[in-house]
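Protein sequence lines correspond, in order, to chains A and B.
Take the first sequence: its letters are residues 12 to 361, numbered as in this note's numbering.
Take the second sequence: its letters are residues 1047 to 1664, numbered as in this note's numbering.
Please keep in mind that the hints were generated in silico from the structure rather than gathered at the bench.
It cannot be assumed that every hint is accurate.
Just so you have them, the derived chain B footprint on chain A, three or more residues with Cβ under 8 angstroms [as the list claims (entries may be wrong)]:
no., stretch
1, 157 to 170
2, 234 to 240
3, 294 to 301
4, 345 to 359
Listed next, the in silico DSBU-like pairs over lysine-lysine satisfying Cα-Cα at most 35 angstroms (straight line) [stated by the list, open to error]:
no., chain 1, residue 1, chain 2, residue 2
5, A, Lys297, B, Lys1319
6, B, Lys1604, A, Lys37
7, A, Lys58, B, Lys1253
Please read these numbers as outputs of a predicted model, since none were measured by experiment.
For glycine and all other residues, C-beta sits at the position ideal for the given N, C-alpha and C.
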Amino acid sequence: MSTTIQPPAAAPRNTNRLGFTIADYKGADSTLCAGCGHDAITSQIIKAFYEYGVEPHRVAKLSGIGCSSKTPAYFLSRSHGFNAVHGRMPAIGTGVMLANSNLISIGVSGDGDTASIGMGQFVHLLRRNVPMMYIIENNGVYGLTKGQFSATADLGSKTKSGVSNDLPAIDLCAMAIELGCNFVARSFAGDPKQMVALLKAALGHRGTALFDVISPCVTFNNHEGSTKSYKFAKDHEELLHDISFVPFFEQISVDYAEGEVKDVELHDGSHIRLRKAEKGYDPTNKSEALNSLRKCQESNEFLTGLIYINEQKPDFLTLLNTVDAPLATLPQELTQPGEDALREIMAELM
Amino acid sequence: MSNQSPQTLVAEEDQRSNGGPIINDFSIQVATVNGSGSQSSNTVLMRSIFQMGIPVSGKNLFPSNIAGLPTWFTIRANKDGWIARRKEIDFLIAMNAETGREDVMNLDPNRVVVYEETLKLNQYRKDLTFFPVPFAKLATEITPDSRLRKLLANMIYVGVVGELLEIDPAEMEHALTKQFKGKAKAVALNKTALDIGRKFAKENFDKTVVPYKTQRMNATKGKIIIDGNAAAALGCMFAGITVATWYPITPSSSLCETLADYMKDYRIGEDGKASFAIVQAEDELAAIGMAIGAGWAGARSMTSTAGPGISLMQEFIGLAYYAEIPVVIFDITRVGPSTGLPTRTQQSDILSLVYCSHGDTKHIVLLPASVEECFSMGYDAFDLSERFQTPVFVMSDLDLGMNNWMSDPFKYPTKKFDRGKVLSAEELKKLGSFQRYADIDGDGIPYRTLPGTDHPAASYFTRGSGHNEKAAYSERPDDYKRNMDRLNRKYDTARTHVPQPEITNARGAKIGFLAFGTTHWAIIESLDQLQREFNLPIDYYRLRALPFTNDLVEFFEKHDRVYVIEQNRDGQMEMLVKLELPAELTTKLRSIRHYSGIPIDARFVTDELVAAEKGEKN
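Chain B extracted, bound-state conformation (with noise of 0.2 angstroms):
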């Protein structure tokens, strides 16, 4: 291993240029105020870099507000295709009066800043190439109307980094078109204002200078771009999904209405008929009620939330794993505790989840890393929770749900939904009876029937409280522990149901890396700087679903040290795996974790993992 020291890595990063240009490996950051409209404008810049074939990934850094606050939004270019979050910034587009003098402030020397003229950023620092632009006198040349004039000149940036970088402008027209498809006035307002600040930059600057540039590669081609919160809510249409009940909560939000949207193009019928109910309600406990009524009565049946969100609506799922009803509950988790950052990510919700409400109770909790599984795993979740009858959590994050993410265009689920053990009328007519709460299969998990089932013995009652196999009410020691062993046999049966852990090997690696969900992108660009610049091989559990599966332990017995990396202060995951661990091998155990509420990176692991490694040698 190498002993050079997290410092002198940040010289790897003018490595890039090897002299010439740096094609295609960059990030850009525009730094802006909410609320003005430049959303838009970064979709575009971030898409015709994407339609030049070069892998891209867009990050909206927010605040918890509607209009006026700082914001930023980061775009990295990458032609080996990481897309994880990169912490240095090469290309800085500063709007923000606020922020203008610290976003200068944290760049690393030789960087590009262009920036509204009017706010002088060039006086801080003499190590950066500048290019100031005065984007509302220009955008005066367009329009009169001054709500219209402070959207346009978030185009005209657009225009300016264009020429600058070199983005076919035939891209950027398309990707233009595309954002403002069908508002024909609107795409001829923002076709003025790109090319006003294109020829503004041909004019004015050498472009030259400039050492990041987009060159046309290949790979992009047939890829999509969506959020995983849309992905998510594609999942579950094709799920077949009958009832969603939410209530409004950042990230999260954005999940149920893009449901709504898409169910409404694909789920209505022409006679006008949904074969759906999509209900607003008046709370997060409202809102898990209805689903798990829903799901009682037999219809796939969701919600969608955050941090706070769970909160309030553990006692129901806690009657829910009890009573075993199915319903699925995506939690798109942000940075807590309490309201906490609300537009920031975090991993912090894992034990929340998994021991979800009081008593003795523990849930399957799915972990999508990509917008790939936000629609696999939104997929699966129903199935899961119909087999097991009981609650079942996909957690996403807000930097999986609210960013824009590349990936193969989503594979059309072939499977029949599997609906789990519900007798009908038909069946019923046979057996004679049914317990609602006996294990006939051994699997630990019962049969239920659907009210509306039109069979004397059909009928049972569902309740909260202590009950037997026949579902009436009881207090007896005997039948309590018998359900509640039955409740854990069902789970361990959900092990191998689960979604399975994807375990790579790298040749001779003492070392693994296990973590889950948006880590991953971190975890896979770090794997291979430490094996290009250390020459360290590790290899990599990514963990999909709880509960975990049988391959765990074997994959700590292999190890001399697994590090659980996370994103969140307590190594909540980390805590987990301690449990399920045998005792001897719990020593084996690291911990890297990150939960600044700004997404990991790959050179925060890199070094942490190299830090550690150090100690454990001396």
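Next up, chain A with everything else stripped away, as it sits in the complex (with noise of 0.2 angstroms):
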């Protein structure tokens, strides 16, 4: 028997830095309508933490109820899951980071989930910036009941038996910018390749990142009318920019000319690369975000891309102050205080 030592081999090929396959960032198989644009979403998640290179077990998926929420049973199977109460995922992603800061939590939610039900909870996350990557599969309609009107459906959108919404759509992206969101991303389930982009994007910030994709509901919400279909996105998508990300884990390589691309340092050291930017367009200008995304909304068109990111604001976890490790799994030595504390209040009290 040979007793030669082998040098650590590289990472074998069609796996990761870390040694995973992309098998090991699949999960069930989906029971979603064919061709429904939540799936997509699905398939960029895998893709994304596989070349990111994210421990599986350091995972903690996330949602509510909706068929968005269902999604987290089809990626990560080697990470834990929540399937939470409708609206109320931002509570339980809150409680779970409390509990254990190590872990990487990513919650999927939808329009309805988000912007009807759960709109208290939701607020309070972003207003917490409780780490966290939180992604709306955004079709306009609650697709399990069979395809009422969500509070994103766009006024005059119509159903498919051609009933018109006369409510204005609530724009979750403006809304998470005024309430503090430092990561603000929109996407469309048709371009995977953005979406992969700002999905890795989002595991590089710290805080909670918000992204918003245009996800048709090919059952009910992908006719002559809707505002929400393949069709309608793919003509009325703003692209801000070119979006690239470079891992903290890869060099950075300078070939571009001065100007002609904006990059920005991610918390983690990667960067990601804005190319040919709409008119300059600056992400991390505020109130130029909130402007770009009124006009648009205005013009009935919908930006896509990297739409707004801080880099400097401390998470939640950060203000508490916690001790490093997980608060879930600290001793009892370390959680109870000893005899003579109990001591010390008693005779207080005497």
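Please assemble the complex out of the two chains, which come individually in their own frames, going by the hints.
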């Protein structure tokens, strides 16, 4: 038997930097309708987590209720998942991160789950800046209950039976920016390249990363007259920039001319590069971001790309200043004060 | 059994004196407006009696308001150690113009009234002893500051009462120094006010006409005074909690606030880093959601609330029951339904706790009766919750949570935390795999893993929808039923793990009392009254938790009648007992209910029992 010591092998082919294969990031088979935008997003999540090189056991997958909220079962089966109650995933996610700050949490929600029943919790998640990637699979309808309008349905958009929506849509990206969210992106399920770059960027961000993805419902909202159909989205997408992601573990090469590309460094040392930026769009400028969103809404277009980013703000766990180890697994010796402490407290009460 | 009617029992009150002064057996009521800062004064008064070695209890009857509405603080001193509320007031301090007349009219004859002179309360009754004091005027002698004067007037009445009841001045000063600890200026000002009150009473009143006196005894040495919420907070801290998420609501807010104070003192390391996270949530839904999220991820997590909060938390609590996630919920109950009387006490959340949420659910509910049990059950709740992977309620009430109670010092919990059936990566390596909802041990309790566990077999998918033993989505009837039956088995296992009842037997008793929580204090005093006055021995089953333990049936078998005594309108605990008993024993059930929002008192129990038993004889 050979006792020759082999030099540490480089990651074998078809694995990421941690030695995991793409299969390690897959989940159960989807039970959604064929062609659902959500499945396209699921594929990009798998790809992004694989390419970035996330340890699956460190991930917590979280969701509420609805078609979107089923999807965590379809990716990262080696990660713990929690399908909670309708609109309340932010609270679950906050608690999970309080208990274990070493986890990487990904929350998947829908427009009903977020913009209606879950609005209260969503708002406060953003306000706290809880470290979490929050994906909204936005299709403008309640799919699982068969096609009622949601609060992100555009004014004038029509149901399959021709009923027109006469209430204005809530723009979740604009709202998130107002509420102090420091990573706000929007994409389209039909644009995998942009989506995967933004997902990886979200992984590099510390704090709440909001990612609104227009994800057409092929069964209830993909018809003529709908503003959330594949066709409408393709025709009305307004790309802010071409985006590429350079992970922290790769060498940065300077292959562009000054002024041609906007480079933003993320919390983890990765970079995002925004090319051919629309009129020199600067995603670190809050008022420009809000203005652009408003203008697009007025012209019935939807902006995609990295709309706003600020890497300087502390996340909620940093503000709480907790010990570095996960609170969940601190041993009794560290969480139970000694007998002298109780004696001191009792003496004070005598 | 005596055939004395409840009415004739009033005479008993005066038997305290035997002709001489009534020593260490009286209640004082301070009637004032809230926001006037009387709380500190009342605490000083109560503490100085306590420090003289006399058993004492204090109850604050306050409005749901910040300033300007009537509030009453009652101090009961009792040499025999009875610390339940006593209905009758012996010594009234009337500071509130609005309620002055009614306060005076409510008194029994021959009682004593100290009052703000300008209220002219002596016009209403001829059969009381009145002591008019110009509080406002006296306060102007101390300071020109009008806000301060109002506060100091309160300390002046403490001085007056101290003189009339012969409370040791040294103890009063000691109590005052403790109350304003570290604030030299406040101590000095209040000391002046105390002395002015004392001096005024000495110079103007004949204290010998006051029948009530304090006399030093030795019944409180080594005891502490604490409210139930602070005691529960200490229970949580010593249970090693790491996550507390809550939303303000009376009467539970002070639990997490006090917890935060203690945790700052004892759970922050030298590097300034905290071994805990306390978060004030945006509402009760978020509070329970965060606590459940943290419990799922392995933290010892809790929330505290009151009835309206429980209503809001219901959906989430059903999820935690069905998905089997540990979380501890303190319900400091108040008067419902709806907003009800937010600052009054009741035990009316029992049914909404035990069956909290839609679908077939049932929960473990701990029922502390004392501050000591708020501490010990506050502690035990976390062991139970992690052992059974389920929500555990601790049901206290406003009376216990927000009032000051005397107690022996709490004992340090020496046992090791029970973190329940959690599989580590090492254990998974040996096992190879695990099934989240399989009943391996036959006790209905499955094994779990925590997110972050570095083993390929560790992960599972938690959901509130139907699931099989592997935690996979399932709508199969057999999967559903197997799971629900296992949850039932788990609940049955809990019967032998929850705090067991405390059963007190009296010789020859044919009647039993069953009560829980703060009703206890009225019960034990009533048992004494019934024995002494009616020669009626009664056994007492003090329930300390749900689910019921097996000795419930036995207790009913042994007695002709069992009175379930509780503080709600509908006899909620009686209903639960009825469901638990074999049909033939349910005919032994009787019910005594007190639900005015005021804590139940012994005389009420005694009167009700005597009246009911008279009916039985006929």
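Review point. For which of the previously enumerated hints does the structure constitute a violation, in increasing order of number?
Key: Violated: hints 1, 2, 3, 6 and 7.
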